[in-house]
Amino acid sequence: MSETTIPIPSGAVASERGTYLETIHSWIVTVDHKKLGIMYIVYALLFLVIAGVEALLMRIQLSAPNLHFLSPQTFNRMFTMHGTTMVFLVGMMILFGFGNYLIPLMIGARDMAFPRLNAFSFWLSAFAGMLLYFSFIGGSGLPGTGTAPDVGWFAYAPLTERAFSPGHTIDYWTVAILANGIGSIGTSINILATVFCMRCKGMTLMRLPLLAWIYATMSFLTLVAISPLTAAQAMLMMDRYLGAHFFDTQAGGSAILWAHFFWIFGHPEVYVLVLPAFGFANEIIPVFSRKAIFGYPAMVAASVGIAFISLSVWAHHMFTIGMTSYGNAFFTLSTMLVSVPTGIKIFNWLATLWGGRIRFQTPMLFAIGFLFQFLIAGLTGIMLSISAWDWQLHNTYFVVAHFHYVLVGAIIFMIFSALYYWYPKMTGRMLDERMGKWHFWLMVIGFHMTFDLMHIPGLLGMPRWIYTYGADRGWGTLNMLVSIGGGIQGIAILLFVINMVWSYFKGPHAGPDPWDAWTLEWSTASPPPVYNFAREPVVESRRPLWDLKHPEDPDSAFD
Amino acid sequence: MDSELRVISRVFIRRLKFVATALVLWPVMAAASPSTSIFSTQSTPAREVNGLAFFVLGITAAIFVAVGALLVYALVKFRARADDVAEPPQVFGSMQIELSWTIIPILIVTVLFLGTARVLFSVQDAPKPASALDVTAVGHQFWWEYHYPQYNITAANELHIPVGQGTTGRVTYLKLTSADVIHSFWIPQLGGKTDMLPNRVNEMWIDPAKPGLYLGQCGQFCGTQHAKMLLRVSVDTPEDFAKWIAGQQKAAVELPASGANSTGDAIDAPTGQRVFEQQACINCHTVSGTVANGRFGPDLTHLMSRATLAAGAMDNTPGNLKGWITNPDDYKTGSLMPAMHLTEKQYAQITAYLQTLK
Numbered sequence: 192m193s194e195t196t197i198p199i200p201s202g203a204v205a206s207e208r209g210t211y212l213e214t215i216h217s218w219i220v221t222v223d224h225k226k227l228g229i230m231y232i233v234y235a236l237l238f239l240v241i242a243g244v245e246a247l248l249m250r251i252q253l254s255a256p257n258l259h260f261l262s263p264q265t266f267n268r269m270f271t272m273h274g275t276t277m278v279f280l281v282g283m284m285i286l287f288g289f290g291n292y293l294i295p296l297m298i299g300a301r302d303m304a305f306p307r308l309n310a311f312s313f314w315l316s317a318f319a320g321m322l323l324y325f326s327f328i329g330g331s332g333l334p335g336t337g338t339a340p341d342v343g344w345f346a347y348a349p350l351t352e353r354a355f356s357p358g359h360t361i362d363y364w365t366v367a368i369l370a371n372g373i374g375s376i377g378t379s380i381n382i383l384a385t386v387f388c389m390r391c392k393g394m395t396l397m398r399l400p401l402l403a404w405i406y407a408t409m410s411f412l413t414l415v416a417i418s419p420l421t422a423a424q425a426m427l428m429m430d431r432y433l434g435a436h437f438f439d440t441q442a443g444g445s446a447i448l449w450a451h452f453f454w455i456f457g458h459p460e461v462y463v464l465v466l467p468a469f470g471f472a473n474e475i476i477p478v479f480s481r482k483a484i485f486g487y488p489a490m491v492a493a494s495v496g497i498a499f500i501s502l503s504v505w506a507h508h509m510f511t512i513g514m515t516s517y518g519n520a521f522f523t524l525s526t527m528l529v530s531v532p533t534g535i536k537i538f539n540w541l542a543t544l545w546g547g548r549i550r551f552q553t554p555m556l557f558a559i560g561f562l563f564q565f566l567i568a569g570l571t572g573i574m575l576s577i578s579a580w581d582w583q584l585h586n587t588y589f590v591v592a593h594f595h596y597v598l599v600g601a602i603i604f605m606i607f608s609a610l611y612y613w614y615p616k617m618t619g620r621m622l623d624e625r626m627g628k629w630h631f632w633l634m635v636i637g638f639h640m641t642f643d644l645m646h647i648p649g650l651l652g653m654p655r656w657i658y659t660y661g662a663d664r665g666w667g668t669l670n671m672l673v674s675i676g677g678g679i680q681g682i683a684i685l686l687f688v689i690n691m692v693w694s695y696f697k698g699p700h701a702g703p704d705p706w707d708a709w710t711l712e713w714s715t716a717s718p719p720p721v722y723n724f725a726r727e728p729v730v731e732s733r734r735p736l737w738d739l740k741h742p743e744d745p746d747s748a749f750d
Numbered sequence: 253m254d255s256e257l258r259v260i261s262r263v264f265i266r267r268l269k270f271v272a273t274a275l276v277l278w279p280v281m282a283a284a285s286p287s288t289s290i291f292s293t294q295s296t297p298a299r300e301v302n303g304l305a306f307f308v309l310g311i312t313a314a315i316f317v318a319v320g321a322l323l324v325y326a327l328v329k330f331r332a333r334a335d336d337v338a339e340p341p342q343v344f345g346s347m348q349i350e351l352s353w354t355i356i357p358i359l360i361v362t363v364l365f366l367g368t369a370r371v372l373f374s375v376q377d378a379p380k381p382a383s384a385l386d387v388t389a390v391g392h393q394f395w396w397e398y399h400y401p402q403y404n405i406t407a408a409n410e411l412h413i414p415v416g417q418g419t420t421g422r423v424t425y426l427k428l429t430s431a432d433v434i435h436s437f438w439i440p441q442l443g444g445k446t447d448m449l450p451n452r453v454n455e456m457w458i459d460p461a462k463p464g465l466y467l468g469q470c471g472q473f474c475g476t477q478h479a480k481m482l483l484r485v486s487v488d489t490p491e492d493f494a495k496w497i498a499g500q501q502k503a504a505v506e507l508p509a510s511g512a513n514s515t516g517d518a519i520d521a522p523t524g525q526r527v528f529e530q531q532a533c534i535n536c537h538t539v540s541g542t543v544a545n546g547r548f549g550p551d552l553t554h555l556m557s558r559a560t561l562a563a564g565a566m567d568n569t570p571g572n573l574k575g576w577i578t579n580p581d582d583y584k585t586g587s588l589m590p591a592m593h594l595t596e597k598q599y600a601q602i603t604a605y606l607q608t609l610k
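If you read the protein sequences in the order shown, they are chains A and B. Each residue of the first sequence is one higher than the one before, starting from 192 at the first, in this note's numbering. Each residue of the second sequence is one higher than the one before, starting from 253 at the first, in this note's numbering.
What the hints contain is simulated information worked out from the structure, not anything from laboratory work. Just to be clear, a hint being listed does not mean it is correct.
[What the hints assert, rightly or not] For each label pair, taking beta carbons as the anchor points, the in silico distance ranges come out as: (1) 356/B - 693/A: 22 to 30 Å; (2) 384/A - 346/B: 28 to 36 Å; (3) 592/B - 257/A: 23 to 31 Å; (4) 339/B - 210/A: 43 to 51 Å; (5) 418/A - 362/B: 30 to 38 Å; (6) 258/A - 541/B: 54 to 62 Å; (7) 431/B - 265/A: 25 to 33 Å; (8) 404/B - 265/A: 38 to 46 Å; (9) 346/B - 233/A: 39 to 47 Å; (10) 318/A - 453/B: 42 to 50 Å; (11) 396/A - 356/B: 45 to 53 Å.
[Said to hold, decoys possible] Derived SDA-like pairs: lysine to any residue, alpha-carbon spacing no greater than 25 Å straight-line: (12) 740/A - 514/A; (13) 329/B - 706/A; (14) 427/B - 499/B; (15) 427/B - 514/A; (16) 628/A - 427/B; (17) 628/A - 321/B; (18) 740/A - 338/B.
[As the list claims (entries may be wrong)] Covered, in the sense of this in silico footprint (three residues per stretch, anywhere, with C-beta under 8 Å from a C-beta of chain A), are these stretches of chain B: (19) 297-306; (20) 371-382; (21) 442-449; (22) 470-478.
We treat Cβ as the ideally placed atom computed from N, Cα and C, and that holds for glycine.
Using the sequences and the accompanying hints, generate a full structural model.
So, in C-alpha cells, the structure goes:
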C-alpha cells in the first residue's frame with residue numbers, strides 16, 4: 192500500500208524524552224504548526240469547560256420561576272462571559288487549532304508559511320483570553336474587587352459607555368477582544384499564505400482537499416470581518432477615555448452605529464465558525480461512506496458563495512431597530528439567499544452517502560448528528576429571516592435555541608467528530624469507541640432535550656437575557672426540562688474528557704492510517720514527525736492515498 | 253411476573269393519558285393569566301404576521317420531512333454490511349443534479365420572499381388614519397413612560413389604549429424612544445418588537461381586536477433589571493378609555509395640614525405629603541399640581557390607578573408599596589431608585605400619602 196511510495200518514517204520521534212522543564216520549554220518556544228495546533232485545541236477545550244459551567248449555572252437559575260440561585264448581576268455576567276468565551280476563546284481557537292494542525296499535513300507542506308507569526312498569534316489570542324477572565328478579579332479597578340462584564344456578548348452601546356458601565360469591566364472585554372482579533376488576523380494571513388503558496392507538487396487548487404479550501408475561505412472572511420470589530424472596539428475605547436462620541440447618545444452619538452459595526456463582524460463570524468465544521472464534514476463523511484465527495488466543484492463554489500453572501504446579511508440582526516421597509520426587505524432576501532449554497536452542501540453530503548457503504552464509527556455518528564441538526568438549524572434560520580415574523584421572534588429563546596442549534600448541534604458536533612477522527616493522528620492512539628458511543632448518545636439526548644424544547648418558551652414570549660421570570664407566564668416546566676438536558680450534555684462532555692485522558696495513555700495504537708482514508712495526513716506517522724514528510728509528496732488527484740490503494744482504479748485517471 | 257408487568261403497563265398508560273390531557277388543556281390552563289404566546293394574536297399587524305408565520309412553518313416543515321426522510325433512507329439503505337468486501341462504485345458528481353438542487357431552492361426562496369414582502373410593506377407603510385391615538389413611549393432603566401400628546405397626560409408602566417377600528421375604536425400609533433440605553437417594546441399578542449433607541453424615534457401601530465389585559469416585557473438587554481422591566485397594556489372599550497383619560501387628566505392637590513396636629517407625628521396623608529416633598533423624592537418624581545416635578549422616575553400623580561409597582565415587579569399593595577420605598581433593592585436589585593434611609597414612621601407617612609394618589 193502507501194508505505195512503498197510515500198515513505199512512513201518509523202516512530203523514532205518520541206524516543207528522546209526530556210525533563211519536565213525541557214518539555215514545557217519546548218512547548219512554549221515551539222513554532223511547529225502541530226504543537227501550536229494542539230495548544231490551540233487544548234486551550235479551547237479548557238475554555239469550553241469553563242463556559243459550559245457558566246451555562247449550567249444559568250440553567251440552574253432558570254430551571255424554575257423566581258429562583259435566587261444567582262443574583263441578577265451575576266446572571267448577566269454569566270451570559271456575557273459564556274457568549275464571549277464560546278465565540279472567541281472556544282470556537283475561533285479550536286477551529287484555528289485544527290486548521291493549523293491539518294492544513295500543512297493535508298497539502299503536503301512541512302509547516303505553515305509563517306511559523307513565527309503562528310506562535311505569535313496563538314500567544315496573543317491566548318493571553319487575550321486570560322485578560323478577559325482577569326476581569327473577574329480586576330474589573331472594578333481595584334485588585335480583588337472585580338466583576339466580569341455584564342452587557343451581553345454583543346455589548347450594545349450606549350450600555351457600554353461610562354455613564355452606564357462605570358469601572359473597568361468593559362475595558363477588559365474590549366481590549367481582550369481587540370487582542371484576540373489581532374491573533375485571529377495573524378492566523379488568517381498565515382492560513383491564506385499556506386494554502387496558496389505551500390502546496391506540494393501536483394496539488395492544484397482543484398485538487399486541494401475541501402477542508403483547505405474552506406479554511407482559505409474562512410480566513411478571507413475573518414480578515415474582512417475582524418476589521419470592523421477592531422475599529423468598533425477602538426472607537427468604544429475612545430468614547431470611554433478620550434471623550435469621543437461615536438456611540439455616546441447623551442452627546443449626540445449613535446446607538447445604531449455600534450449595532451452595524453458589530454453585526455457586520457458578527458454575522459460573517461457565524462460563517463467563520465461554521466465553515467470549518469463544513470470542512471470537517473467534507474473530509475469525514477466521504478471516508479465513512481467509502482465514496483468520493485459528490486460535486487467537489489459545487490462544494491467549493493458553495494463555500495465561497497456562502498462567504499460572499501454572508502457579507503451582506505448583517506442587518507437581519509436589526510429587523511426591530513427601525514429600518515425602513517425597503518431595508519428590511521433587502522436583508523430578508525439576502526439572508527434567504529444563504530440557504531441556496533447551504534442547501535447545495537446538504538444535498539451534496541446526502542449524495543455522498545447515497546450508494547456508499549456507511550460505517551457507523553464515532554466520528555461518523557457525530558457527523559450524522561450534524562447533518563440532521565444543521566438541517567433543522569437552517570430551517571429555523573429561514574423562519575428568522577422572515578423579517579416580519581422576526582419582529583416577534585427576535586431576542587426570544589427561539590433565537591437562542593436557533594443559534595445553539597448551529598453552534599452546538601452543527602459546530603460542536605462536528606468538532607467532536609473531528610476530534611474522534613484526528614485524535615489518532617495527533618496522539619498516535621485511538622479514542623475508545625465504547626465511551627465514544629456513550630458520549631454520542633448522551634450528547635444527542637441532552638442536546639435535543641435542551642435545544643428542541645428551548646424553542647417553545649421563545650414562542651410563548653420568553654425573551655433572552657432575563658435572570659428570572661414569573662410563575663404566571665407558564666415557562667417553568669419547559670425550562671426545567673431544558674436545564675435537565677443541559678446537565679445531560681455536561682455529563683456527556685465529562686465522559687469525553689475522561690475518554691481523551693484515558694485513551695492518551697491506554698488507547699490502542701492507531702498506526703498511520705486507522706480509518707483507511709485518502710488525504711495526505713494519513714500517509715505519515717501518527718503522530719507525524721516534526722518535518723511531517725520525509726520526502727515531499729507528489730499528488731496526481733484529490734485523493735492521493737486512494738490512488739495508491741487502488742492502482743487499478745485511480746482517481747488520477749479521471750482528473 | 254405477568255401481573256407485575258400488567259400493573260406497570262397500566263401505570264404507564266395512565267401517565268400517558270395524563271400527559272396527553274395536559275397537552276390538550278395547556279392553552280386552557282394558560283388562559284388563566286394573559287398569554288404571551290406569539291401565536292395567540294389579538295391585533296391587526298400581529299395577526300398578519302401570524303398568517304405569514306404559519307405559511308413559512310408549512311413550507312419549512314415540508315422541506316424537513318422531505319430531506320429528513322431522504323437522509324434516513326440513505327443511512328439505512330447504504331449502511332455497511334458484514335459481507336462487504338470491495339469499495340462501492342465511486343461517483344464524483346453530476347451537473348444536472350447540482351443544477352436541480354440549486355434552482356428548486358431559489359424558487360422556494362422567491363415564494364418566501366414575496367410572501368414576506370407583502371406583509372412587510374403592508375405593516376410598515378400603512379397610512380395613518382386621522383382618528384389615530386398618538387402615544388409616545390419612552391424606555392427607561394427599568395420602566396416605561398407614556399405621553400398622550402392629544403390629551404396632555406403622562407402615565408407610567410401600564411399603557412391604556414382603546415380597542416381598535418374593527419370594534420369602532422381607534423388605531424394606536426406609538427412613537428418609541430429611550431431616555432438612556434436601548435430597550436425594546438413588545439407585547440406578543442398585539443405586535444412584534446420595536447426597539448427604543450436614545451436619540452431616535454421609531455414607530456409602530458396596533459389595532460387590537462378585543463378589550464382586555466395584555467402582557468409583555470422589554471426585548472433588548474438594558475442592564476441589571478432587564479428581566480423585571482415588564483409591560484402591561486390595558487385595551488379598553490371606548491367608554492372605559494374615555495373614563496381613564498378623564499381620571500388621568502385630574503391633577504393632584506396640596507393636601508391641607510391635618511388640623512392642629514401639624515407637628516409631623518401623625519401617620520396620615522397630609523403629613524406624608526410634607527415628608528415626601530421635603531425629601532429627595534421630588535427630585536425624580538412628579539405629582540402634578542404639587543411642587544413635585546422630577547422627571548427621572550415615573551410620574552406618581554395616579555399611582556393608585558396602577559395594578560403593579562416598579563414596572564410589574566410586584567402587585568400594588570400597601571405592604572409592597574412601603575417595602576418598595578423602604579428598600580427598593582429587596583424587590584428589584586439594581587433598580588435606580590435609592591433607599592432613602594428615612595425612619596420607619598416617615599416611610600409609613602409617605603405610604604399613606606402615596607395611597608391618596610388615585
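**OP:** Would you pick out the hints that fail for this structure and give their numbers low to high?
**Re:** The structure conflicts with hints 1, 6, 11, 12, 16, although it agrees with all the remaining ones.
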